[in-house]
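Which chain is which? The protein sequence lines are A, B and C, in order.
If you read the first sequence in this note's numbering, its first letter stands for residue 1, the second for the next number, and so on.
If you read the second sequence in this note's numbering, its first letter stands for residue 1, the second for the next number, and so on.
If you read the third sequence in this note's numbering, its first letter stands for residue 1, the second for the next number, and so on.
The set of hints was computed from the structure by calculation and includes no laboratory data.
Among the clues, some could well be false.
Unchecked claim - FRET-style restraints, in silico, Cβ to Cβ:
no., chain 1, residue 1, chain 2, residue 2, range
1, C, 79, A, 32, 50 to 60 angstroms
2, C, 34, B, 127, 21 to 31 angstroms
3, A, 61, B, 58, 34 to 44 angstroms
Unchecked claim - Derived, one-sided and incomplete: chain B residues facing chain C with beta-carbon distance under 8 angstroms:
no., residue
4, 33
5, 50
6, 52
7, 61
8, 63
9, 103
10, 106
11, 109
12, 116
Don't be surprised by glycine CBs; every beta carbon is placed ideally from N, CA and C.
One-letter residues, chain by chain:
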Amino acid sequence: MRQSHHTFRVDTNGSGFYEITRPVAAWVRAQNMSAGLLTLFCRHTSASLLIQENADPSVLRDLEAVFARFAPEGAGLYEHDSEGPDDMPSHIRAALTQTNLSIPLFGGALALGTWQGVYLFEHRTRPHRREVAAHLLGE
Amino acid sequence: MRQSHHTFRVDTNGSGFYEITRPVAAWVRAQNMSAGLLTLFCRHTSASLLIQENADPSVLRDLEAVFARFAPEGAGLYEHDSEGPDDMPSHIRAALTQTNLSIPLFGGALALGTWQGVYLFEHRTRPHRREVAAHLLGE
Amino acid sequence: MRQSHHTFRVDTNGSGFYEITRPVAAWVRAQNMSAGLLTLFCRHTSASLLIQENADPSVLRDLEAVFARFAPEGAGLYEHDSEGPDDMPSHIRAALTQTNLSIPLFGGALALGTWQGVYLFEHRTRPHRREVAAHLLGE
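Just chain A, with the same shape it has in the complex (with noise of 0.2 angstroms):
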């Protein structure tokens, strides 16, 4: 048994969903291990991960549309707003999705589904240089 880690950095530029299956998989297959656990974490409170449908991008619109219905912007809404309308409902998007995922390795490959894709979700509306850490444990 051995563990291997990584940063991801993911440039985003709006809020939304930044798919990261490819380049995540790609460092899973490098690590040579036939089964295993990866873990992905990132490492802020105004982004977050979530997997989700990968075949048609009008889920990932209507995602974003309802992510932002349940945290409005507008001014008076919240205490913490000195970091722009976007802060306070970034948190809470955040809060309602993962920090984290843990994907199985099986046979050498992810036991994601067929319709399964890794996004980073972006919850700020100006560019964003986003790190999510990768720890893999297996043989």
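Please arrange chains B and C on chain A, whose structure you already have, making use of the hints.
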């Protein structure tokens, strides 16, 4: 240290909670480890996982009703509607809950609290065959 | 590769956020591992875990207010009401947040971002003694 993996199949018959605590705990016991880490991973984007109260089934009925309000069905509510009125609400419900769960194993037993059960949370109306990948690491 | 486990006790006194970053990081350091994976697991269904901003406490007050709106208390709102008006809202708040967290350990330190704190999110009004099971795997 060693690892085991397995895929649980769960046949669902409409949206709601399907308890999987017993088969999961039985499989874990059969791996004969005293300490470790269990990971469960739902291989779908229109079903998810949740740990919730296992005592009073009215909790699960209330949760089902609440999630139906968080993610309502309705003509014109979503851009993505080609797979039926329950499709986009399913993705929203999955985004708000968990794709994966991690449960430590101590003293030969999962660290679940007395009132905690492990559930597959089905979001689609029609029957589905669901897969939950399980990974156990320990000794 | 080896593993350690521990149970953290957190005494709560009303709903809201209780930071546990410091005792968790201290316990991890005491295990003397340079790389690995930490799992935290909340053994309750009316309290949960969340990673959120540790800098401005107004973020946590806003989150508490937002979750009170997502899961309101009120006569007749829920079928499950025998344990008090804050009981079913607690289960909803737990379902929307996390029962478990996974945090990689690199270079002897948890991969938490600068502004990330680990919180027990209490959902009940009356005082409770909560248990968070911790599992660390690494070397």
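Status of each hint after checking the structure:
1. 79(C) <-> 32(A): 50 to 60 angstroms: Since the Cβ atoms of residue 79(C) and residue 32(A) sit about 52 angstroms apart, the hinted range of 50 to 60 angstroms holds.
2. 34(C) <-> 127(B): 21 to 31 angstroms: violated, 49 angstroms
3. 61(A) <-> 58(B): 34 to 44 angstroms: holds, 36 angstroms
4. 33: Hint violated; residue 33(B) Cβ to chain C Cβ min 10 angstroms, cut 8 angstroms.
5. 50: holds, 6 angstroms
6. 52: holds, 5 angstroms
7. 61: holds, 6 angstroms
8. 63: Holds. Min distance 6 angstroms.
9. 103: holds, 6 angstroms
10. 106: Where the cut-off is 8 angstroms and the nearest Cβ of chain C is about 5 angstroms from residue 106(B), the hint holds.
11. 109: Where the cut-off is 8 angstroms and the nearest Cβ of chain C is about 11 angstroms from residue 109(B), the hint is violated.
12. 116: Because about 6 angstroms separates residue 116(B) from the closest Cβ in chain C, which is inside the 8 angstroms limit, the hint holds.
This entry does not satisfy hints 2, 4, 11, going by the numbered hints stated previously.
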